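Trainee: Below, each chain spelled out in residue letters.
Number of protein chains: 2
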Amino acid sequence: MNNFEFKNPTKIIFGKDQIQKIATELPNDAKILLLYGGGSIKKNGIYQQVIQALSGFEFEEFGGIPANPEYSILLDALNVIKTKKITFLLAVGGGSVIDGVKFLSSAALYEGIEPWEILSKRIPTVKGMPFGTVLTLPATGSEMNSGAVITRAETKEKLTMGGSGLFPVFSILDPCVVASIPERQIANGLADAFTHVLEQYMTYPINALLQDRFAESIMQTLIEVAPAILKDPSDYKAASNFMWSCTMALNGLIQKGVPTDWAIHMMGHELTALYGIDHARTLAIIAESHYTYNFEAKKKKLAQYAERVWNITEGNLEAKALAGIRKTTEFYQSIGIDTKLSDYIDNYEGTAEEIARRFEERGMTGLGEHKSLSPTDAENIVKMAY
Amino acid sequence: MNNFEFKNPTKIIFGKDQIQKIATELPNDAKILLLYGGGSIKKNGIYQQVIQALSGFEFEEFGGIPANPEYSILLDALNVIKTKKITFLLAVGGGSVIDGVKFLSSAALYEGIEPWEILSKRIPTVKGMPFGTVLTLPATGSEMNSGAVITRAETKEKLTMGGSGLFPVFSILDPCVVASIPERQIANGLADAFTHVLEQYMTYPINALLQDRFAESIMQTLIEVAPAILKDPSDYKAASNFMWSCTMALNGLIQKGVPTDWAIHMMGHELTALYGIDHARTLAIIAESHYTYNFEAKKKKLAQYAERVWNITEGNLEAKALAGIRKTTEFYQSIGIDTKLSDYIDNYEGTAEEIARRFEERGMTGLGEHKSLSPTDAENIVKMAY
Chain A
16 MNNFEFKNPT
26 KIIFGKDQIQ
36 KIATELPNDA
46 KILLLYGGGS
56 IKKNGIYQQV
66 IQALSGFEFE
76 EFGGIPANPE
86 YSILLDALNV
96 IKTKKITFLL
106 AVGGGSVIDG
116 VKFLSSAALY
126 EGIEPWEILS
136 KRIPTVKGMP
146 FGTVLTLPAT
156 GSEMNSGAVI
166 TRAETKEKLT
176 MGGSGLFPVF
186 SILDPCVVAS
196 IPERQIANGL
206 ADAFTHVLEQ
216 YMTYPINALL
226 QDRFAESIMQ
236 TLIEVAPAIL
246 KDPSDYKAAS
256 NFMWSCTMAL
266 NGLIQKGVPT
276 DWAIHMMGHE
286 LTALYGIDHA
296 RTLAIIAESH
306 YTYNFEAKKK
316 KLAQYAERVW
326 NITEGNLEAK
336 ALAGIRKTTE
346 FYQSIGIDTK
356 LSDYIDNYEG
366 TAEEIARRFE
376 ERGMTGLGEH
386 KSLSPTDAEN
396 IVKMAY
Chain B
16 MNNFEFKNPT
26 KIIFGKDQIQ
36 KIATELPNDA
46 KILLLYGGGS
56 IKKNGIYQQV
66 IQALSGFEFE
76 EFGGIPANPE
86 YSILLDALNV
96 IKTKKITFLL
106 AVGGGSVIDG
116 VKFLSSAALY
126 EGIEPWEILS
136 KRIPTVKGMP
146 FGTVLTLPAT
156 GSEMNSGAVI
166 TRAETKEKLT
176 MGGSGLFPVF
186 SILDPCVVAS
196 IPERQIANGL
206 ADAFTHVLEQ
216 YMTYPINALL
226 QDRFAESIMQ
236 TLIEVAPAIL
246 KDPSDYKAAS
256 NFMWSCTMAL
266 NGLIQKGVPT
276 DWAIHMMGHE
286 LTALYGIDHA
296 RTLAIIAESH
306 YTYNFEAKKK
316 KLAQYAERVW
326 NITEGNLEAK
336 ALAGIRKTTE
346 FYQSIGIDTK
356 LSDYIDNYEG
366 TAEEIARRFE
376 ERGMTGLGEH
386 KSLSPTDAEN
396 IVKMAY
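Listed in order, the protein sequences are those of chains A and B. Our numbering numbers the first residue of the first sequence as 16 and each following residue consecutively. Our numbering numbers the first residue of the second sequence as 16 and each following residue consecutively.
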């Protein structure tokens, strides 16, 4: 097990009828900016619950943060923060809204020239404007971590940011919100959370027995609840386990003391930046070819995963490892997610080369747990995913 | 799954050669009281490492906090805190030292008449004096939770306290410390952590799938590393997994959203208060009879535990549940811990009645996950454990 540091100060408020608790978590003298996405919260009743909870507080609103939170739109929100002298941000939405608010939390206190530098220069945020979240879409884990991914359409870039100052002060997780999420988004949430676990697990054995078992536990739970939640998103039992699993998949716990990969995300981000494919689906596109390409380096963990998560008992280590890859692809497909780039776009030729070129340009020359994957390796992997 | 709130702000610093990091975690202007136990830290080199890290800081020392931290001794430490105007406490030790320091953290800011009221009146501590810990004995989880158990010899009482203000600011977990722990204490740590998980798991199914799997993961890991760590406590691989499992067993995570029992602890505490039996061993004494006495209420979880943790595949639900109880007893015995009260003391007659009398006197009339166990039930359970 590697040395590690772990601190996660976010207060989670989980369960039915918890949205009203916003009122007890907000500082009394806060000047709040309520931020949300495309307006689905106005149809499913969440907006009304939030407004009711904010009764008595001074607040402004900023709606319209899109999926893959867009830099130019966030700059408009930043302007509101500055002109209205906002002191507390409240994100009501899924990972995109929360990530956007994390950028704003950092940018609001940033003293450099242009806030894009936080992303382009990878400046960690030690102190941000405090913010809370009301999660409306289980998937990214952003509600209990300190990372964010921001998109800039102008340059077709999608970059990551983070820092110890970017944990939400509180996050309200009411599994009832799942009932109104479209099936496509639920499938995305399942695939996203599942792949988050894979990225922190599918590397090489390092004798972190508990972290391995926790990771396997999250994947087993997602597999168990997937059919139920897709069949009936108002099934509270399935929804609550789905929601808590997504949070635990990326709140820092299972990555402590172990190597992590994240190459699937790096390649997937480019597919979203280039073609607008849903984030979770880009992960499903890349996973199989990434694990096949890096089979030798990952086969021990692939076999352990096949045995423990998928109950594969037959065959030698290699056979089990291959079964692990196959089961992963089948899982994505079982929840309605296609796993080849050609399932999503017709003109995919040149994609791999373009991604390799971008990685080269940004100096991303050592991806994966061994920091050994070159842009050429990424090119090969993406080609296998056509 | 039940509604829950979860927040754990403790910063964990885990791994080899981490004790020196005390210096970067302490406030520069702190006036520190370094607290420890019977002096084993002076033999194993930990004391020297701590003193080196404290170079440049203003600090006082208070040694001699005993196992089952004793109120009258803690009052002496409280006197030092007040007279020396201490602002930060540093616990270097196991659960007893850390629990004692939690009491001091609370008592230092307590404005009532007598600090014992914090325990006798169950006053939650919302704000305590800040403190950090260097863990020298994996077992209780106190390094990452906000609870403590304090003993008062004068009245033969052992009571619990806690509150959101009693999380350590930081805890340093260096698995190398395990190498110098006597076998008896390692066995105690294994049994203590294992029973902590049982108390939060062995109740009734409530569809908290992930919490169940996390709890099972901790127990599986403890079972896996027990032989290795008892054979060779300098085995870093085993020590690191042992240490992290003990912390995760009682840092609040696995109890969120599920019913918890804790009746074994309530009865066990009395055996320590009455006879001075090691805490972990009192849990091993009570567990089998508690689960046997409450078999009907717990048999579904007992069977799930038998299947998943002990790989019991034969028999119906009752048979598996019984096997689960048997396996638990065998596990305690496998690590050298006797499981009957008569293994520890000769004059045990009257113990059950005395414990029932105490519970009655304190109004502890509804123990267990259903708050249904009366003092008479406790009397019956303890008698079965003779």
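Some hints could be false.
One copy or two, it doesn't matter: identical chains are merged, so the pair holds either way.
Within a straight-line C-alpha distance of at most 25 Å, the following computed DSS-like cross-link-like pairs (lysine-lysine) qualify [as the list claims (entries may be wrong)]:
#	residue 1	residue 2
1	142	171
2	58	315
3	342	171
4	58	36
5	252	171
6	58	246
7	57	314
8	398	58
Calculated directly from the structure, the hints in this document are not laboratory data. Please read these numbers as outputs of a predicted model, since none were measured by experiment.
Trainee: A separate judgement is required for each hint: does it hold in the structure or not?
Mentor: A quick look at each hint next to the structure:
Within a single copy, residue 142 and residue 171 get their C-alpha atoms no closer than 28 Å, and across copies no closer than 48 Å, so neither meets the 25 Å cut-off. Taking the shortest alpha-carbon separations for residue 58 and residue 315, neither the intra-copy value of 47 Å nor the inter-copy value of 41 Å comes in at or below 25 Å. With identical chains, the CA atoms of residue 342 and residue 171 are never at most 25 Å apart, being 33 Å at best within one copy and 58 Å at best between copies. Taking the shortest Cα distances, residue 58 and residue 36 sit within 25 Å of each other inside one copy (21 Å), while across copies they are farther apart (51 Å).
Within a single copy, residue 252 and residue 171 get their C-alpha atoms no closer than 40 Å, and across copies no closer than 45 Å, so neither meets the 25 Å cut-off. In this assembly of identical chains, the alpha carbons of residue 58 and residue 246 lie at most 25 Å apart only when taken from the same copy (21 Å versus 62 Å across copies). In this assembly of identical chains, residue 57 and residue 314 lie within 25 Å of each other by CA distance neither inside one copy nor across copies; the values are 47 Å within and 46 Å between. Neither within a single protomer nor between protomers do residue 398 and residue 58 lie at most 25 Å apart by alpha-carbon distance, with minima of 41 Å and 60 Å respectively.
In this structure, the hints that do not hold are numbers 1, 2, 3, 5, 7 and 8, in rising order.
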